[in-house]
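Enquirer: Model the full assembly from the supplied sequences, consistent with the hints where possible.
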Amino acid sequence: MGNKPKIDKATGTKTVGHEWDGIEELDTPMPRWWLMSLYACIIWALVYVVLYPAWPMLNSATEGVLGWSSRGEYQKEVDAREAELEPIRQALVNIDIHKLADNPELLNEAIQGGRSAFKVHCVQCHGAGAAGFKGYPNLNDDEWLWGGDMEAIEYTVTNGIRNPDHAETRFSQMPAFGRDGILQAKEIQDLVSHVRVMSGREKLSGSAKRGAVLFETNCAVCHGSDAKGNRTQGAPNLTDAISLYGLDRAELTDTITNSRYGVMPRWGHRLDAATIRMLTAYVHSLGGGEAAPTMDAPANDEAVTGVKAGSPVDEQS
Amino acid sequence: MSNPEEILDPGLKLYEKRKGVYPKAVTGTFRRLKWLIMAVTLSVYYITPWIRWDRGPYAPDQAVLVDLAHRRFYMFGIEIWPHEFYYVAGMLVMAGIGLFLVTSAVGRAWCGYSCPQTVWTDLFQHVERAIDGDRNAQFRLQDAPWGPKKIGKRLSKWSVWLFIAFWTGGAWIMYFADAPTLVVDFWTGQAAFVAYATVGVLTATTFVFGGFMREQVCIYMCPWPRIQAAMMDEKSLTVTYRDWRGEPRGSVKKAEAQPGSFGDCIDCNQCVAVCPTGIDIREGPQIGCITCALCIDACDKVMDQVGRPRGLIDYVTEEDAELDKAGKPHMPVLKTLFRPRTILYFSVWGTIGLAMLFAVGNRTRIDISANHDRNPLYVQLADGDVRNAYTVNLRNMENRPRTMEISMTGLGQAVLWSGDGSRDGANQSVKVKVPADSVARARLFVAAPGEGAQREDFKLTVRAEDDPSAQDSHEVFFERPEIAR
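Protein chains in written order, with the working numbering: chain B, 4 to 320; chain G, 1067 to 1551.
The hints are simulated quantities; they were obtained by calculation from the structure and are not laboratory data. Hints may contain errors.
In silico lysine-lysine, PhoX-like type, Cα no more than 25 angstroms apart, as pairs [as the list claims (entries may be wrong)]: (1) G/Lys1301 - G/Lys1394; (2) G/Lys1499 - B/Lys102; (3) G/Lys1497 - B/Lys102.
Some chain G residues well away from chain B (every beta-carbon gap over 12 angstroms; in silico) [said to hold, decoys possible]: (4) Lys1085; (5) Ile1103; (6) Gln1183; (7) Asp1200; (8) Pro1211; (9) Gly1316; (10) Ser1317; (11) Ala1321; (12) Val1372; (13) Ala1519.
Covered by chain B, according to a simulated footprint, are these stretches of chain G (three or more residues, beta-carbon under 8 angstroms) [claimed, not checked]: (14) 1446 to 1456; (15) 1477 to 1489.
Glycine included, each C-beta is placed from N, C-alpha and C at the ideal position.
Expert: Below, the structure is given as structure tokens:
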């Protein structure tokens, strides 16, 4: 150890001067550019630690003097997007809901916004495709319990159905004919037969004929003597192909015996008016939307549909 | 490995240092040809974006426009949509085979005359000669110490180069946007960032490639010389030094002193002096030779001066060179030109070109594609019918708005209506207005009786109202619940 550095013959390189049993070490330091990069990285790291969140502490990391955070960045983007959408929201709130269809651009914005809002607030009950489940109506079809024009849909979304402690909510209650002892089990079976005959699921029988009489006295007041239903009470049409709980004997027996009491939350106090309009427009656009009741629908066969190019792409959920 | 001293030689470098090339000015037939080709290629490059082409109010009026922002490619009367990119691919294939054809017939003519690297380097070398003087003056200036004169000359040369380089990039971006608008936007600082970035990058590459790297690009960066080596054969035209005529070299004086013992080459080195890539053609064909033929001009001039026949350096095929050497006449030009290889290249090239022309001429500028909605697959309607929904894309590839009629066939008495229409009064067709040169998206509803197969195929057909012959169809299906009712 401690020899003087000398030049290695074979390579022409200086040695570091240490020697262990005749073995020497060549002095080949890191290249300068490499060292420079290392120092630059160290300086960079020091600056970074001061400017940005870096050291993990007990509950969070040090904040850094720039105050940057990925959440903050995200929030900024969300806010920017919200600001962009604000004019559309304003226009939506201010327009007469029956005139929305005359403004295809705004209508399209509303439908796209409603599609997103639906996925957050509505799919839990109505399903991702709005096709519903047993007890939760299919919003694609052309039967509506409480009305299917824009105004009616918006009212339903705002106030809900059978919401407790809310005066504006859509409300009706079907009696539990069996449980409350209004009808005997045999009478209920006759009624079931009659309802199934009306919607074409059974052939006319003695039981159905007896059921028809019972229907007139017990059911017609809400469902109508033609059984076509009554939208002011949410009473379904019993003669068509659509039913909320099913039209087999067991389901019908259950319905008449125990009644049904489907509840939909009200959204008026949770969502802003613009979002509710968007949801309304989306649900209306699914295929069953009806025209405003007072207006006569114009003849459609010669009507030409204008489609805007480059409208937002439907992701085909 | 045998000699460690050689391996450890500190002077030995991994990369060879560039030897400066200071080509001398030359005049002659091929120089004139190069001037002509430079004028034509540069004019094409600078003028093309400014040619106007009226396409009506709904499309740009620039004859050649690669509209990346709107995904359209216009070339005079032809408009290409992104889904038709195979035409561009076809053109690239044609360009490739065209190069094969040219190379097998006339050697590296592309390299020597029309390659942008050659054209711009040539231009830069002229600038260099105009400012620094010819070859010898350039040598002197290179070796001179830095002083006011040298600094002045260098700065003015680089400024002119930068000016040319800037306009190279500046012309390039004109192909990607409306040229007159872009010029105004560019100078008022309103053009897109990518425009400035492109000009910046192209200015830098032109300046560096044309001013400093020059033949290094051809020799080390470009794959083409290496590919061309495989394309060329003994019947390809190439610049050849007739060594059997020229060797052994000797000056005119020596030849006069010892007649008969020297060849025609007087070893004046003019062929080396004028070479833009700094090679000596007398060493035979080599990768650095771009066959620009300037050495032919230089040598012919010298041969004229010393009263010997021209063509000591000449465009000769390898085959003819062998015949020449043996004192036999050359192959007939037509036989050399029309040989299986060139005929094959030409027929492939021509077939692709004709096929593309035919395809372009027969394109249908209308298109429909339909997607069946999957959630829900079907909707039970109150009257017992079943409804399906479809998202339909309609392409109107003409430069005018068109009303299109979508009709259905093959699903019995089913009816069709559009998303913002209504089932009342619906029949088996619906009309949709599609804006000019764009894709329209429409939602279609189809209702059919609930009784029927669980899945039925049918066809959606779109027709343009103003041109009944233009139509396109898409096969779709109609889905019903497993058990209706």
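Enquirer: So if I understand the rule, the pair passes when the alpha-carbon distance is 25 angstroms or less; does G/Lys1497 with B/Lys102 pass?
Expert: Measuring from Cα to Cα gives roughly 23 angstroms; hence the hint holds.
Enquirer: Was G/Lys1085 rightly flagged as not at the interface, with every chain B Cβ beyond 12 angstroms?
Expert: holds, 27 angstroms
Enquirer: Hey, does G/Pro1211 actually stay past 12 angstroms from chain B on C-beta?
Expert: holds, 29 angstroms
Enquirer: Does G/Ser1317 really sit off the interface, with its C-beta more than 12 angstroms from all C-beta atoms of chain B?
Expert: At roughly 46 angstroms from the nearest Cβ of chain B, G/Ser1317 sits farther out than 12 angstroms, so the non-interface label holds.
Enquirer: At 12 angstroms, judged by beta carbons, does G/Ala1519 keep clear of chain B as stated?
Expert: Non-interface label on G/Ala1519 holds, nearest chain B Cβ at 18 angstroms vs cutoff 12 angstroms.
Enquirer: Confirm or reject the statement that G/Asp1200 sits farther than 12 angstroms, beta carbon to beta carbon, from all of chain B.
Expert: Nearest chain B Cβ is 41 angstroms from G/Asp1200, so the label holds.
Enquirer: Please confirm whether G/Ile1103 is truly not at the interface, meaning its C-beta sits more than 12 angstroms away from all C-beta atoms of chain B.
Expert: Fine: 44 angstroms to the nearest Cβ keeps G/Ile1103 off the interface.
Enquirer: With a cut-off of 8 angstroms between beta carbons, are at least three residues of the region 1477 to 1489 of chain G near chain B?
Expert: The restraint on the region 1477 to 1489 of chain G holds, since 7 of its residues have a Cβ under 8 angstroms from chain B and three suffice.
Enquirer: Would the hint linking G/Lys1499 and B/Lys102 be met if the CA-CA limit is 25 angstroms?
Expert: holds, 21 angstroms
Enquirer: Keeping to a limit of 25 angstroms between CA atoms, is the pair of G/Lys1301 and G/Lys1394 held or broken?
Expert: Roughly 16 angstroms between the alpha carbons, so the hint for G/Lys1301 and G/Lys1394 holds.
Enquirer: Does the no-contact call for G/Gln1183 survive, Cβ to all of chain B over 12 angstroms?
Expert: holds, 31 angstroms
Enquirer: In terms of Cβ atoms, is chain B entirely out of 12 angstroms range of G/Ala1321?
Expert: holds, 51 angstroms
Against the hints set out earlier in the document, no violation occurs for any number.
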